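The C-terminal residue of the sequence shown carries number 886 in my numbering, and the numbering is unbroken.
I should point out that these hints are in silico values taken from the structure, not numbers from a laboratory.
Just so you know, these numbers come straight off a predicted model, no measurement behind them.
All the given hints hold, so there is nothing to weed out.
FRET-style restraints, in silico, Cβ to Cβ:
1) P817 - I724: 20 to 26 Å
2) S764 - P863: 32 to 38 Å
3) Q870 - K845: 17 to 23 Å
4) L809 - Q870: 30 to 36 Å
5) P863 - P817: 33 to 39 Å
6) L873 - I815: 30 to 36 Å
7) S756 - A789: 21 to 27 Å
8) D798 - P758: 34 to 40 Å
9) A860 - S755: 34 to 40 Å
10) K787 - A846: 17 to 23 Å
11) K845 - L823: 15 to 21 Å
12) K845 - D805: 18 to 24 Å
Don't be surprised by glycine CBs; every beta carbon is placed ideally from N, CA and C.
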Amino acid sequence: LSAETPPTITISESRNLLGGTGTTGFRTWEACLQLGDFLCSSSCPPDLNLSNKTILELGCGTGYLSVLCAKYLKAAHVTTTDGFDNVVDDLDENFLLNDLEISPLIRTRLLKWGSGSFGDNCGNDETFLEGKAPDIILGADVTYDVAALPVLCETLQDLLEAYPNVQILIAST
714 LSAETPPTIT
724 ISESRNLLGG
734 TGTTGFRTWE
744 ACLQLGDFLC
754 SSSCPPDLNL
764 SNKTILELGC
774 GTGYLSVLCA
784 KYLKAAHVTT
794 TDGFDNVVDD
804 LDENFLLNDL
814 EISPLIRTRL
824 LKWGSGSFGD
834 NCGNDETFLE
844 GKAPDIILGA
854 DVTYDVAALP
864 VLCETLQDLL
874 EAYPNVQILI
884 AST
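Using the sequences and the accompanying hints, generate a full structural model.
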């Protein structure tokens, strides 16, 4: 992206730090913004260029990164996931705000981490990633809860076993 035309992304989010269900997925957090800036910058290494790549986002929250990937970074396909139904349901509004509501480039899926959740929920489901192996897995602000780290690691291990050539990029502040 050029400095003259920075990406414009509109996101509807909650002012509350936690949603009624205890999720933090209704806000865009700092590591998400930082990862987005990095992916748009000239300092991003060429092997992380998302153009024509299939992206899987874990713990997507408001969907900011997925919108950025689909709309500005020219990803071939983005599957955006979260472990909370209400977070996944709310993504449609942010896709609509960014003219992606009917785009074949982006899909939402529920993905609960841990206990073989990838295999149980979607490993044998061709529709989960639209039949495409991910090239890059993104996660931003997914490591803040120490209690969630073991299940996140299990899910990442499952994904690496299913897709051994995938690159994983996790951002945390």
